[in-house]
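Please model the entire structure based on the sequences and the hints provided.
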Amino acid sequence: SAISRTYEYKIHQQKNPFNQSLSTYVGYSLDVDLMNQCSQLLLKYKDFTSFSKVHTDVNNFNCDISEAKWDQKEAQLVFTVTANRFLRNMVRAIVGTMILVGKRKIDSKKFCSIIEAKNRSMAGPSVLAKGLFLKNVEYPEL
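For this note's numbering, add 292 to where a residue sits in the sequence shown, where the first one is 1.
Treat the hints as calculated values from the structure; they're not laboratory data.
Please read all numbers here as calculations on a predicted model, not as lab measurements.
One or more of the hints may lead you astray.
In silico DSSO-like cross-links for lysine-lysine, where the CA-CA straight-line distance does not exceed 30 Å [said to hold, decoys possible]:
1. 336 <-> 402
2. 410 <-> 427
3. 336 <-> 427
4. 336 <-> 397
5. 410 <-> 365
Right under this line is the structure:
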């Protein structure tokens, strides 16, 4: 009965033994501005088939994303995303694709075409699970 969920995905860009099990290491610079531009594009779409496991038991691939953003604090990046529901592997696949955006291998136009293709093989690889955290769940008021 939850009406929204918020996940965070954490990336560290400098090696640090304290972050090793709580965050994913990405050792190259990323264009965070471009990643944030593409994050805002997520809010315009409903069907996220391109970011879901292929063989999953769901009726549809529609999600209402209400927030998606990247924040950078020194050598740590945090992706925050809120939606009414998430598909299996969705956040990890979005982050993996966003890393390609940050490396400038994908521009915003290509990012949109990946979503519109509704084809998981068009998107980037899924990132490791160790940086993913459920931050908040909202329920309707009684």
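Verify the proposed pairing of residue 410 with residue 427, using a straight-line Cα cut of 30 Å. With a Cα-Cα distance of about 27 Å, the restraint between residue 410 and residue 427 holds, given a limit of 30 Å.
Is residue 410 close enough to residue 365, meaning Cα to Cα at most 30 Å? 33 Å, violated
For the pair we were handed, residue 336 and residue 397, check the Cα-Cα distance against 30 Å. 22 Å, holds
Keeping to a limit of 30 Å between CA atoms, is the pair of residue 336 and residue 402 held or broken? Within the cut-off at roughly 15 Å; holds.
For a C-alpha distance cap of 30 Å, please report whether residue 336 and residue 427 respect it. Given pair residue 336, residue 427 holds - Cα atoms ~23 Å apart, limit 30 Å.
Violated hint for the displayed structure: number 5, the only one.
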